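Once you've looked at the hints, dock chain B against the given chain A.
Protein chains: 2
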Amino acid sequence: MQEQTLATASLRREKPEALSTGRAARLAIRRNQHAGPTSGLAPGFVQANLAILPQALAQDFLQFCQRNPKPCPLLGLSAPGDPRIPALADDLDIRTDLPRYRVWRDGALVDEPSDIAKWWRDDLVTFAIGCSFSFEQALLEAGIELRHMTCDCTVPMYRTSVETAAVGPFHGPLVVSMRPMKPADAIRAIQITTRFPSVHGAPVHIGKPESIGIKDLARPDWGDAVPVHDDELPVFWACGVTPQSVIMEARPDFCITHYPGAMLVTDRRNTEFAIM
Amino acid sequence: MQEQTLATASLRREKPEALSTGRAARLAIRRNQHAGPTSGLAPGFVQANLAILPQALAQDFLQFCQRNPKPCPLLGLSAPGDPRIPALADDLDIRTDLPRYRVWRDGALVDEPSDIAKWWRDDLVTFAIGCSFSFEQALLEAGIELRHMTCDCTVPMYRTSVETAAVGPFHGPLVVSMRPMKPADAIRAIQITTRFPSVHGAPVHIGKPESIGIKDLARPDWGDAVPVHDDELPVFWACGVTPQSVIMEARPDFCITHYPGAMLVTDRRNTEFAIM
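If you read the protein sequences in the order shown, they are chains A and B.
For the first sequence, the residue numbers in our numbering are 6 to 281.
For the second sequence, the residue numbers in our numbering are 6 to 281.
Wrong hints could be hidden among the right ones.
Treat identical chains as interchangeable: a pair holds within one or across any two.
What the hints assert, rightly or not - Calculated pairs, DSS-like style, for lysine-lysine (alpha carbon to alpha carbon, straight line, at most 27 Å):
(1) K75 <-> K220
(2) K75 <-> K187
(3) K123 <-> K220
(4) K187 <-> K213
(5) K187 <-> K220
Bear in mind the hints are in silico, worked out from the structure with no lab data behind them.
These numbers come from a predicted model, not from an experiment.
One chain only, chain A, in its complex shape (with noise of 0.2 Å):
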């Protein structure tokens, strides 16, 4: 089930109508005029994995994505029982601004709601977490080709043999994300990631998958298997999956998460994130 579930490839594939701003895409998504994926949604803004644990809990996970910069870059944070986090919007209500949230208890799937209004409770805390459309963006800017955009699917992930740093109820495994480059381009995607440490940053490896416990690649453990060429080298980065992995391996009595593909779009710009 917790597989499945962390999957995303029965998203639906349709590329929503692009909406020019964050703004505007999460109005519109809070009047339920925009239910699907948030995939090219307000290009340029940045989107957001979503966890939301009780307060109980946040201390501990603030904690494990603070030691895990790499996997769980921490963009915003709510207070407890506070819907808004300013930092990344002025306008916005976590509880209903994301198109479709999971909800768990216990470990177990429990809702699939189109806004959180009625499990909402007062020691709730929000944690926004970046995500790689942010970095994707700017190395299609940069002329790199992208195979599981080209293949029209998911990113293929993969669950390593690299351990978390782990922080009361929160361990697991690092999971990567995985695009074959050319060397030249692997290059110049390290480079360019390197730029963005807000939304992982630099790979955390490139060309030896066997060195972190990746046994295929034809077999990702989250979305799509994707050809890689003899002249390619395997390029993987720390995934935003490495956090729900570990909190649905923690089994919290509850939590929220996006539904997969359906992040929080903010007002910041991915450009803001770049530190040069």
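Okay, now just chain B, sitting in the frame of chain A:
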């Protein structure tokens, strides 16, 4: 003859006593108090490859450097007949400040003097070209192993199937140096050397030597072979042997280069050339 004369494998290996500044090193060399290789001399100060050409050829060679900045990063350029390069040091006389030179006529080696006073001409233009010593210091400071240093030998260099951009008589293949690294170190090395575009900058290739025409890593064209372990990738940087090789191919009626390993030591610090 040409390949042998470019070889650096025969350099004396004794480490000279470090002189504290580039100026101190240069003055000791000028007074014939230091005659060996310059590696390890004046740590932290930039060393450079030397090419001295008649003005008639210098214009083409300058254009060649500008069109091929990765193998030929131009750090300093003299006025015709002027033995100074103020951009690199105040007290610098290119005729006396290298431990040893090579003098060429029509592509043939005619002298290996410790100064070039008797060969000096009013039409000679000096090119000081960046050298990998600068970025290697930054890699070592980051804790990255450099295999050729571990093996106490010369970095392996390879002629590639990649052509430089030709200008006038100057043309020929890109020459690269190779350093094997574990993937995480390779990613870090790409980040670090990206900061130093004036001294070859980021690697030009990683992981697939056959893609750039290198058939056997165990048989370098210059320098010494080093072991590449199964969990490592070969990482390739554009090499300052490229301009030397290109000049030799052009067989100028007259030119002077540094003796292999006996570089120009400058007053500029490696850290000055970091772009961030």
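Hints, one by one, checked against the model:
1. K75 <-> K220: within (22 Å within a copy, 37 Å between copies)
2. K75 <-> K187: Both: 24 Å inside a copy, 19 Å across copies.
3. K123 <-> K220: neither (43 Å within a copy, 65 Å between copies)
4. K187 <-> K213: both (14 Å within a copy, 9 Å between copies)
5. K187 <-> K220: Intra 21 Å, inter 18 Å, cutoff 27 Å: intra and inter.
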